[in-house]
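Engineer: Chains as they are written, first to last, in numbering that gives the first Met the number 0: chain A, 0 to 402; chain B, 0 to 402.
Keep in mind that a hint or two might mislead.
Identical chains blur together in the list; that is why a pair holds if it fits in one copy or across any two.
Stated by the list, open to error - Computed list of lysine to any residue pairs in SDA-like fashion (alpha-carbon distance at most 20 Å, straight line):
| id | residue 1 | residue 2 |
| --- | --- | --- |
| 1 | Lys384 | Ala68 |
| 2 | Lys156 | Ser28 |
| 3 | Lys126 | Gly145 |
| 4 | Lys101 | Met7 |
| 5 | Lys101 | Gln17 |
| 6 | Lys266 | Asn13 |
| 7 | Lys5 | Glu147 |
| 8 | Lys200 | Tyr223 |
| 9 | Lys303 | Val227 |
| 10 | Lys34 | Asp269 |
| 11 | Lys303 | Pro195 |
| 12 | Lys126 | Lys302 |
| 13 | Lys126 | Met0 |
| 14 | Lys303 | His230 |
| 15 | Lys5 | Gly124 |
| 16 | Lys384 | Pro51 |
| 17 | Lys237 | Phe92 |
| 18 | Lys395 | Ala385 |
| 19 | Lys101 | Asn13 |
| 20 | Lys126 | Asp3 |
| 21 | Lys168 | Ser388 |
Keep in mind the hints are simulated off the structure, nothing from the lab.
2 protein chains.
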Amino acid sequence: MTLDEKFMILDADNAPGQEVRKNTNDIESILQGEKLNGVLVDFSHGDVDAFPPAPGSDMAWNTGFERGASQAYTEYRGLADIRDVVAERLSLFTGHKVKADKELIITPGTQGALFMALGATVTVGTKVAVVEPDYFANRKLVTFFGGEVIPIPLEYKGILSDNGIDMTKLEKAFMDDTKVFVFSTPNNPTGLVYSPDDITKIAELAAKYKVTVIVDQLYSRMLYRDEVFTHFCSCDIKPENFITIMGPSKTESLSGFRLGVALGTSKLIDRMERLQAIVSLRASGYNQAALYTWFNEPSGWLKKRIAEHQVIRDCLLSIFGAANLQVATPQGGSYLFPQLPPLNVDLNTFVSLLRYQANVIVTPGTEFAPSCTNSIRLNFSQDIKAAISAANRIVKMTEMYRL
Amino acid sequence: MTLDEKFMILDADNAPGQEVRKNTNDIESILQGEKLNGVLVDFSHGDVDAFPPAPGSDMAWNTGFERGASQAYTEYRGLADIRDVVAERLSLFTGHKVKADKELIITPGTQGALFMALGATVTVGTKVAVVEPDYFANRKLVTFFGGEVIPIPLEYKGILSDNGIDMTKLEKAFMDDTKVFVFSTPNNPTGLVYSPDDITKIAELAAKYKVTVIVDQLYSRMLYRDEVFTHFCSCDIKPENFITIMGPSKTESLSGFRLGVALGTSKLIDRMERLQAIVSLRASGYNQAALYTWFNEPSGWLKKRIAEHQVIRDCLLSIFGAANLQVATPQGGSYLFPQLPPLNVDLNTFVSLLRYQANVIVTPGTEFAPSCTNSIRLNFSQDIKAAISAANRIVKMTEMYRL
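This is chain A alone, in the form it adopts within the complex:
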């Protein structure tokens, strides 16, 4: 693969957060109808002004800065004292005992953890099972490291008991020399939480076929009422090699700190650290100190944050539902993945029009699976009034551009 081809695949023009770089000069000529006024809502990521960083994170940073040299230059895998604290809290949270010294690494964001985890397990020719739809970087990362993507379809539009990945396809892929399986739960972009049965089954299949599993649980703290979360790492039967990825960027709104963690097989954590040594040395030292606040928020804080998100989720579901836009109810996380009606413009054009004409930024579904050409992703961690108004503008736009 030439460098040009390699970077063609890494095209980030439609990636969340990059909308400002888009050229909208020619859009006037294809406009249908009036501009829809309203406060700009950027659904491509959460609004940390609406849901500010978890309390104390800035104070923790300042304490870290004051601590000086020992906080600025940590081991590449992160400051030992912070790993001790985080390992203990993650052991409690996941039900799986994490050894701070061997089985945990602090990374620049969960994106960094994902990059390092795939870099540690994928090389030229490695077959990697990737769920579709799933986080947009998964496919890009596999391709970047020279691996081959084996798509595993996810059913998310049906009734709950029918949803989930196609286990027959997964086992077939595992039998057919797949070495790595990467997936997110709660799923990004649909909010589907993998059932206990499915997680157990995945772990058993991976153990049987000696497949490395990388599970992205970035949103596992934001679970809606009565939902049950199963931690892959807590399964009794599981593969020798696995990595669980988490971080405080979403529920806790610490994205501006760029912090993530990976826990798992010591050999893989070692490799990830070696890779981190040439990628960025370490997660920013002072920022690491913010992890002292993680899983240690004030009593009731998490419950309130989830409840507030649940209200927004339900309002938007009701707006889209009333307009007959099909959308699954997310069980966790803060993404909605509504399906658009047939339109007289293509998906990327409609997304550009939404931004230009309706002051709403969303991410096209094709970032998450090539086949999702009629879906858009919204991160609804937003000011509730602004989000409701923007969702109504999206509905109006689908009516204006309906085929």
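Could you slot chain B onto chain A? The hints should help.
Structural biologist: Just chain B now, kept in the frame of chain A:
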């Protein structure tokens, strides 16, 4: 190359900052002589307690945090307003007009910039000319991306006019299908500053043979009395494709913020951003705000900082000189690269002994070139008293272990 082989090459056990992970259980058995007491000095990196972060950087961080969402989520290449400010200051500093929108990216440390720059230019089979000795990650990065290292020797022990890289070898490498040349000036680990003639010659050769040049100028602000620095990017004749890397981690002691920048050819900056999108999304948003202080330090601050380093440099040179340890006088940066006398233990053992017996941490020369088996690197950005005492302990240890 299998993953095991790939990660063998990325072995970071002897990398600066990782000494704490070394097992020293067996060292007692090879100890010769007494323990040498003294305050621990970690020469593997600068001491940001001795030389604290540039004034205002923490206030800038707090202002960034207060700014909220717009500072937390920036474009992958960094916040536009900060790129505007930095581009203007770098244009002044380098004498090369940098376009903020197209030709500049903010990265997680200069390590991140280097990773992205080599990732944007090296793929399987790419021949890359790498100076020896030079920054330890250069060779590892080339190998990681599947490239082939073409070593270019650097003479740094002679008189000034004889020092520099072997231009004949460089041109031969360029003629022989080398696509990329990476080097640092001031050189890490020797402190050699490439002469104006050499920089001009490199730029002309690279233009002639269409070689991409990646120049790491991390230390270009810390120049000792009467030294002249030539910016590669300011050459009239230069290749179409080049990247200059800088950052505030060293002279300015902002390493705890993990900030770097790369300026250069728009096409390569684009690729670096695409890569950054899957590596870590962006340099930590709040941290980026510290760049407002960069090249904008209080009047006299830089001059004083350089003068203080020059005093330490000269003290250590004099200590090593009196003990007949050969060491080049660094023209810039804060590294010394002394040569040890023949010892009765190998280099890595001696480095372990220095840590265990003399409370001094240094980096083995072999991290910088396979052939530097009798050199050690010291970052002398330290408390001056502690550094002098530690240098004396190093001398004593070379006497105790002399062959």
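Engineer: When the structure is checked against the list of hints, which entries are broken? Sort them ascending.
Structural biologist: Hints 2, 8, 10, 11, 12, 14 and 21 are the ones this structure does not satisfy, whereas the remaining hints hold.
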